[in-house]
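Modelling step: build the complete structure from the supplied sequences, incorporating the hints.
Here the protein sequences come in this chain order: A and B. Under the UniProt record's numbering, think of the first position of the first sequence as 1, with each following residue one higher. Under the UniProt record's numbering, think of the first position of the second sequence as 1, with each following residue one higher.
Errors might be hidden in some of the hints.
Here are some, though not all, of the chain A residues that point toward chain B, as calculated from beta-carbon distances under 10 Å [to be verified]:
hint : residue
1    : A85
2    : S91
3    : Y94
4    : D122
On the chain B side, residues computed to face chain A include the following (Cβ under 8 Å) [as the list claims (entries may be wrong)]:
hint : residue
5    : R204
6    : T210
7    : G214
8    : N215
9    : R220
10   : M222
Pairwise CB distance ranges (calculated) [what the hints assert, rightly or not]:
hint : chain 1 : residue 1 : chain 2 : residue 2 : range
11   : A       : R145      : B       : F142      : 28 to 36 Å
12   : B       : G320      : A       : E457      : 55 to 63 Å
13   : A       : L120      : B       : I63       : 30 to 38 Å
14   : A       : L239      : B       : A137      : 51 to 59 Å
15   : A       : L239      : B       : F142      : 50 to 58 Å
Don't read these hints as lab results, they were simulated from the structure. No residue lacks a Cβ here, since even glycine has one placed at the ideal position from N, Cα and C.
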Amino acid sequence: MVQQEPGPGSDAILEVAGVDKSFAGVHALREVDFHLRPAEVHALIGENGAGKSTLIKVMTGVHRPDAGTVRLAGREREFRNPLEAQAAGISTIYQEVNLVPLMSVARNLFLGREPRRFGLVDTRRMNREAAEVLGRFGVRVDVTRPLRTLGLGAQQMVALARAVQVEARVVIMDEPTSSLEPKEVETLFSVIRGLKEQGIAVVYVSHRLDELYAVCDRVTVMRDGRVVHTGEIAGLERLKLVSLMLGREMSAVRDKGSTAFDSDSHELRDGQPALRAVDLTVRHRLHGVSVDVHPGEVVGLGGLLGAGRSETAKAIIGALATEQGSVEVEGRAMHRRSPASSIRAGVVMLPEDRKAEGVIPNLSVRENISLAALPRLSRAGLVSQAKQDEIVTFFMKRLRIKASGPDQKVGDLSGGNQQKVLLARWLCLNPKVLLLDEPTRGIDVGAKAEVQGLVDELARDGLGVLLISSDLEELIEGSDRVVILKDGRVVGHLAGDDVTEDGLLDALATAPESPDLAAAPEPPDPATTPESPDPAERPQPAEPAAQAAPAASTGPQPANPADPAGPAPGEPREHPAKESQS
Amino acid sequence: MTSTALQPAPTPSGAGSDERAARVPVRERVASQVQRHGALAVLVLVVAIASATSSTFPTWNNISSILGSNAFVWVLALGMTFVIITGGIDLSVGSMFALGGVLGAYGSRHGTWLAILLPLAVGAAWGSVQGLLIAKARMAPFIVTLVGLLGLRGLLQALTDEGATTYLVPAHSWFRHLGAGTWTPVLIVAALFALGALLLTRTRFGATLTAMGGNEHAARLMGLPVARAKVLVYLLSGTLAAGAGALGGARLGSGVTTIGVGYELTAIASVVIGGTLLTGGAGSIGGTVSGVLLLAVIHNLIDHYFSQYGSAFTDTVNGGFLAVVVLLQTLLSRTQQLE
Ligand SMILES: Nc1ncnc2c1ncn2[C@@H]1O[C@H](COP(=O)(O)OP(=O)(O)OP(=O)(O)O)[C@@H](O)[C@H]1O
Ligand SMILES: [Mg+2]
Chain A
1 MVQQEPGPGS DAILEVAGVD KSFAGVHALR EVDFHLRPAE VHALIGENGA GKSTLIKVMT
61 GVHRPDAGTV RLAGREREFR NPLEAQAAGI STIYQEVNLV PLMSVARNLF LGREPRRFGL
121 VDTRRMNREA AEVLGRFGVR VDVTRPLRTL GLGAQQMVAL ARAVQVEARV VIMDEPTSSL
181 EPKEVETLFS VIRGLKEQGI AVVYVSHRLD ELYAVCDRVT VMRDGRVVHT GEIAGLERLK
241 LVSLMLGREM SAVRDKGSTA FDSDSHELRD GQPALRAVDL TVRHRLHGVS VDVHPGEVVG
301 LGGLLGAGRS ETAKAIIGAL ATEQGSVEVE GRAMHRRSPA SSIRAGVVML PEDRKAEGVI
361 PNLSVRENIS LAALPRLSRA GLVSQAKQDE IVTFFMKRLR IKASGPDQKV GDLSGGNQQK
421 VLLARWLCLN PKVLLLDEPT RGIDVGAKAE VQGLVDELAR DGLGVLLISS DLEELIEGSD
481 RVVILKDGRV VGHLAGDDVT EDGLLDALAT APESPDLAAA PEPPDPATTP ESPDPAERPQ
541 PAEPAAQAAP AASTGPQPAN PADPAGPAPG EPREHPAKES QS
Chain B
1 MTSTALQPAP TPSGAGSDER AARVPVRERV ASQVQRHGAL AVLVLVVAIA SATSSTFPTW
61 NNISSILGSN AFVWVLALGM TFVIITGGID LSVGSMFALG GVLGAYGSRH GTWLAILLPL
121 AVGAAWGSVQ GLLIAKARMA PFIVTLVGLL GLRGLLQALT DEGATTYLVP AHSWFRHLGA
181 GTWTPVLIVA ALFALGALLL TRTRFGATLT AMGGNEHAAR LMGLPVARAK VLVYLLSGTL
241 AAGAGALGGA RLGSGVTTIG VGYELTAIAS VVIGGTLLTG GAGSIGGTVS GVLLLAVIHN
301 LIDHYFSQYG SAFTDTVNGG FLAVVVLLQT LLSRTQQLE
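Spelled out as structure tokens, the structure:
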């Protein structure tokens, strides 16, 4: 079923042939062939655990292949570490944390190739250039601040800026968009188009299929460590892609809606809300936000970047200190909120930043899932092993956690599967109220549907859910009610039949500008949302993508962010990868 | 997806909101300042109080005895700062200090150059072996350098026939000048600290050390030469310790085998008091300077006020003081959510 391109491999800039890679007990890559042509954007897709990141790590010297070869520009290479791959012209944004949180933004951007004068790092020039470069990526911050004080999206933009700063022939991006907002995704796309214009090849991993159609030329689909398809992306149907990924027939994939949420709204139980947050106020971030969640109800939080959605959830569980406001759980007021006391009261939050926090990499899947629930599972201090196993197996099956077994170390799981483990941990706490911040981020299509179905089911069983998602479709189809936030204020409510994308966008567009925020995000523009309002439009998106490249290059973009100091635009790079460290 | 693709690239105007969202809370900012400069503030405070209340503290005699007799030992804290910033630890420096003294005294009988070069070479060699074991064989720094602590003491015993032989620095040797008086030691040590600060903040090597302490995996993925830097940092620490020991020997006029016991702990304490995170990834040479000075002044005061109760008592007070400072540092870094 492998459809290899007929052309000779010699035109490839990066060529992988017959690569095999096993980890203890896991055969992660099997006879993988992969061709990357110059100046193409090549999508690499597959379910969680399919082997995408492993392939990338084999190509960039993090792992050594057990068998097979890697060729760069026709020459066989055996990179022993990422440094060598980078020096040869392969620049990579890995899926896991790529930066050093305690160091300054500028330092992170320039680590390893700081500008120097008389052998010493020229700090002033470094800071100036960092501010310049990041400005072009839409990140305007004090570059001397520690990186960890930046938002997730901004951190990812720093990683991106760092990767394209290097003189490279190949840029590899492993799920660069998993923590980006729509606007930042757009910046990323224009960067990718800029790279392409300079003849640089890009490998692009993402679980959001829309993005692939927007920027990619060709696609390679992986399943269970094998390449199952390589070809042009134009003309390839969405459904076909999904069925290739999942290894199922197209007819089986083609089901009713595009998300797995049941379209019926949940039956509302009256009585007191499971969660009532009143007048939450956090300096500069939230201004008197109130939200109610009833048992059996999914309440969506809508809004754009910086609207205060995550902050609201954090303020509710006490992860963010509030100046004002109160929270009641089933009518009982929570004094001195903290994440721990919230869990005890039955309010549990799945945090947005799952890269850095959350899983305990050295413990097994079983322990990671059941640790937080242990007090609940134990009787007189003893934990029933059978009960624990039952829960763990249930979630592993339900969320399709791909592991060799419940005893595998979580640190060895693929990125998406680690996220599923975290999700399982919170779900098995059996909470009264679940706060989900981007629950399906970084999770593949198949498992996404399972997560959505599970949320639906939990709500039906009487759980109250507060759902935050940048995926508009998910938000709309999943929520019974939507509370719309803007600049830290509630600006609207949608309920019943009004819960539609148009309704949400209308409410955002007509929301009054808040008075105190000169630097507020631009007025919401319905067109900047990544989701197409009409799912029927999906199957033929290749054309707009092709038109988009010239549109982007003639747009008002001040300069090409991909290449601040390099050769003039249009001038092809002959030997961009010099092995110099200057 | 049609709508997004047709959008022109965004003008980056929303960044202001990011700035706002990312602002560091005041409490964290204060904590971070205190952590970084707390030792200096306490040092100034303690010196001010001591000068105001005691007639003997602010005398030149006393100050020169604080500076001159301790300066070389502070070099251990300099090396330790580098090691701790990478997230490692070097327990062998106390023993290395003693070995450096003995080797220096031994070498001084054959000329000043040998007195300097012999300890440095041995320190560098031993340090790089430790570094290689840690970086390449991936052994725990704690274990490797603990072996160093014990092994070097053994070597010392062997060299001196179990302490029976004492190597003296010849009375007329120029080597003695290096350790004599107050100013020479202080200037040598100050120069070393200044070079160290430059190395840490203004070179790629220094940035690599900090980065690998902050997140070693990320540093490796960023293409930084992590393994090499690790070897070099233990090499540096060993060399500094041996060199400092040699200078100490020059000051004392002989190689003393029993010296240096527990110095590694004092060094670690000064580094931590100076605001360097014991977990690595953040710290400064300036902080360590404050840390060593603060410890030295406190020692001096405790000696002065409590000496009549005996040395066991002064050690207890010292330990208690250390515990308080380390506790404070921990609380501060927790406020900053560094853990
Ligand atoms: N260091 C390791 N030790 C053991 N197994 C590993 C290791 N790294 C990856 N694996 C296994 O190899 C398989 C492929 O993982 P990989 O990270 O390549 O998946 P992926 O396609 O990137 O998935 P995702 O979309 O979740 O990021 C998984 O089953 C994973 O458990
Ligand atoms: Mg991956």
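For each hint, the structure was consulted:
no., hint, in the structure
1, A85, "holds, 8 Å"
2, S91, "holds, 9 Å"
3, Y94, "holds, 5 Å"
4, D122, "holds, 9 Å"
5, R204, "holds, 6 Å"
6, T210, "holds, 6 Å"
7, G214, "holds, 4 Å"
8, N215, "holds, 5 Å"
9, R220, "holds, 6 Å"
10, M222, "holds, 6 Å"
11, A/R145 - B/F142: 28 to 36 Å, "holds, 33 Å"
12, B/G320 - A/E457: 55 to 63 Å, "holds, 58 Å"
13, A/L120 - B/I63: 30 to 38 Å, "holds, 33 Å"
14, A/L239 - B/A137: 51 to 59 Å, "holds, 52 Å"
15, A/L239 - B/F142: 50 to 58 Å, "holds, 56 Å"
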